[in-house]
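S.K.: Spelled out from the first residue to the last, the chains are:
There are 2 protein chains.
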Amino acid sequence: MRPVFVASDPYSMAKFEKHIFICGNRRPQGHPRGCCDPNGAAELQRAFKTELALRGLKDTVRANKSGCLDQCEHGPTVVVYPEGVWYGNVNMSDVAEIVGSHIIGDRPVERLRLGDGCINTQTCQHRSKAAD
Amino acid sequence: MRPVFVASDPYSMAKFEKHIFICGNRRPQGHPRGCCDPNGAAELQRAFKTELALRGLKDTVRANKSGCLDQCEHGPTVVVYPEGVWYGNVNMSDVAEIVGSHIIGDRPVERLRLGDGCINTQTCQHRSKAAD
Chain A
18 MRPVFVASDP YSMAKFEKHI FICGNRRPQG HPRGCCDPNG AAELQRAFKT
68 ELALRGLKDT VRANKSGCLD QCEHGPTVVV YPEGVWYGNV NMSDVAEIVG
118 SHIIGDRPVE RLRLGDGCIN TQTCQHRSKA AD
Chain B
18 MRPVFVASDP YSMAKFEKHI FICGNRRPQG HPRGCCDPNG AAELQRAFKT
68 ELALRGLKDT VRANKSGCLD QCEHGPTVVV YPEGVWYGNV NMSDVAEIVG
118 SHIIGDRPVE RLRLGDGCIN TQTCQHRSKA AD
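From first to last, the protein sequence lines are chains A and B.
For what it's worth, the numbering used here labels the leading residue of the first sequence as 18, then goes sequentially.
For what it's worth, the numbering used here labels the leading residue of the second sequence as 18, then goes sequentially.
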């Protein structure tokens with residue numbers, strides 16, 4: 018028999034105030050869509066974990082590796098919930114800014130955000146080029 | 018030089034209306050915290066993907082494998098964003114109900130939800146027992 022859990026309200030937020038998912042997908046070299054973590058080292062995810070720890074946020078914000086987020090042409094891709102802000106082409110050098118501005122200051126880093134026309138659409142101009 | 022993306026508004030939602038993360042973490046057999054996918058088969062994540070495809074939702078809802086969501090004592094663990102609803106002890110037989118009731122009907126499956134006292138807290142009664 019499974020344990021019973023009691024939720025206090027229908028849509029209560031989890032204790033993570035923000036939840037960062039960093040794509041760790043790998044594809045073979047030369048794949049037309051590319052991938053977010055070609056060598057599988059999860060360096061970007063670990064950099065987020067380290068930065069959160071340095072800022073004293075490891076109990077309230079989690080940086081998770083994820084499977085393919087399907088925004089491969091813009092990788093490395095990161096999505097932050099609950100607000101659903103997507104970032105593309107994220108480098109190691111961007112991690113401190115994302116944590117400082119967005120995670121702490123609640124101001125997304127606009128220069129890295131994926132536009133609506135790029136997220137989850139077959140008509141994204143970057144996707145079309147990559148698939149040619 | 019990195020491509021420039023233009024977001025239409027500061028907090029626009031991604032094109033995924035809901036984003037399901039299914040923990041795929043593995044730990045060695047006998048680990049006191051347990052893990053969500055002991056054999057690494059990702060069966061639960063694939064079941065969500067299949068169910069979403071059957072319901073015609075694969076373009077608007079994504080079922081992603083994730084790294085450790087850190088709710089190991091309640092695994093297999095699933096979290097649905099943007100609403101941040103957490104489920105524990107999710108079985109293959111629960112997938113159709115979660116998709117039908119929550120993803121389509123916007124009514125979380127209460128019997129599977131993790132309570133606030135279980136999510137991301139060292140004082141969770143299940144965690145304490147497992148760590149003894």
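Bear in mind the hints are in silico, worked out from the structure with no lab data behind them.
Accuracy of the hints is not assured; some may be wrong.
Stated by the list, open to error - If you want the ones that stay clear, here's a sample from chain B, every Cβ over 10 angstroms from chain A, calculated:
#1 G41
#2 Q46
#3 R50
#4 C52
#5 E68
#6 R72
#7 R79
#8 G84
#9 D87
#10 V96
#11 P99
#12 G101
#13 A113
#14 E114
#15 R144
Said to hold, decoys possible - Below, in silico cross-link-like pairs of lysine to aspartate or glutamate (EDC-like), each with a Cα-Cα straight-line distance of 20 angstroms or less:
#16 K32(A) to D87(B)
#17 K75(A) to D133(B)
#18 K32(B) to E60(A)
#19 K66(A) to D133(B)
#20 K75(A) to D87(A)
#21 K75(A) to E127(B)
#22 K32(B) to E127(A)
#23 K32(A) to E127(B)
#24 K75(B) to D87(A)
#25 K32(A) to D133(B)
#26 K32(B) to E68(A)
#27 K66(B) to D87(A)
#28 K32(A) to E100(B)
#29 K75(B) to E127(A)
Note that CB positions come from ideal geometry on N, CA and C, so glycine has one too.
S.K.: Hints first: check each against the structure and report whether it holds.
M.R.: Consistency of the hints with the structure:
1. G41: violated (7 angstroms)
2. Q46: holds (21 angstroms)
3. R50: Given that every Cβ of chain A is farther than 10 angstroms from that of R50(B), nearest at about 15 angstroms, it holds.
4. C52: Holds, since 14 angstroms exceeds 10 angstroms.
5. E68: With a cut-off of 10 angstroms, E68(B) remains clear of chain A, as the shortest Cβ separation is near 17 angstroms.
6. R72: With a cut-off of 10 angstroms, R72(B) remains clear of chain A, as the shortest Cβ separation is near 17 angstroms.
7. R79: violated (7 angstroms)
8. G84: G84(B) not clear of chain A: closest Cβ-Cβ about 4 angstroms, inside 10 angstroms.
9. D87: Given that some Cβ of chain A is not farther than 10 angstroms from that of D87(B), nearest at about 7 angstroms, it is violated.
10. V96: It is violated; V96(B) is separated from chain A by about 7 angstroms at its closest Cβ, not greater than 10 angstroms.
11. P99: Nearest chain A Cβ is 5 angstroms from P99(B), so the label is violated.
12. G101: violated (5 angstroms)
13. A113: holds (17 angstroms)
14. E114: holds (14 angstroms)
15. R144: Consistent with the label, R144(B) stays out of reach of chain A, its closest Cβ about 12 angstroms off (over 10 angstroms).
16. K32(A) to D87(B): Judged against 20 angstroms, a Cα distance of about 12 angstroms means the pair holds.
17. K75(A) to D133(B): With a Cα-Cα distance of about 18 angstroms, the restraint between K75(A) and D133(B) holds, given a limit of 20 angstroms.
18. K32(B) to E60(A): Violated. K32(B) to E60(A) sits at ~27 angstroms, over the 20 angstroms cutoff.
19. K66(A) to D133(B): violated (23 angstroms)
20. K75(A) to D87(A): With a Cα-Cα distance of about 27 angstroms, the restraint between K75(A) and D87(A) is violated, given a limit of 20 angstroms.
21. K75(A) to E127(B): Roughly 28 angstroms between the alpha carbons, so the hint for K75(A) and E127(B) is violated.
22. K32(B) to E127(A): holds (18 angstroms)
23. K32(A) to E127(B): Answer holds: K32(A) to E127(B) is near 18 angstroms, not above 20 angstroms.
24. K75(B) to D87(A): Since the Cα atoms of K75(B) and D87(A) sit roughly 12 angstroms apart, the hinted pair holds (cutoff 20 angstroms).
25. K32(A) to D133(B): Measuring from Cα to Cα gives roughly 7 angstroms; hence the hint holds.
26. K32(B) to E68(A): violated (28 angstroms)
27. K66(B) to D87(A): Within the cut-off at roughly 13 angstroms; holds.
28. K32(A) to E100(B): Holds. K32(A) to E100(B) sits at ~12 angstroms (cutoff 20 angstroms).
29. K75(B) to E127(A): violated (28 angstroms)
When the structure is compared with the earlier hints, violations turn up for hints 1, 7, 8, 9, 10, 11, 12, 18, 19, 20, 21, 26, 29 and for no others.
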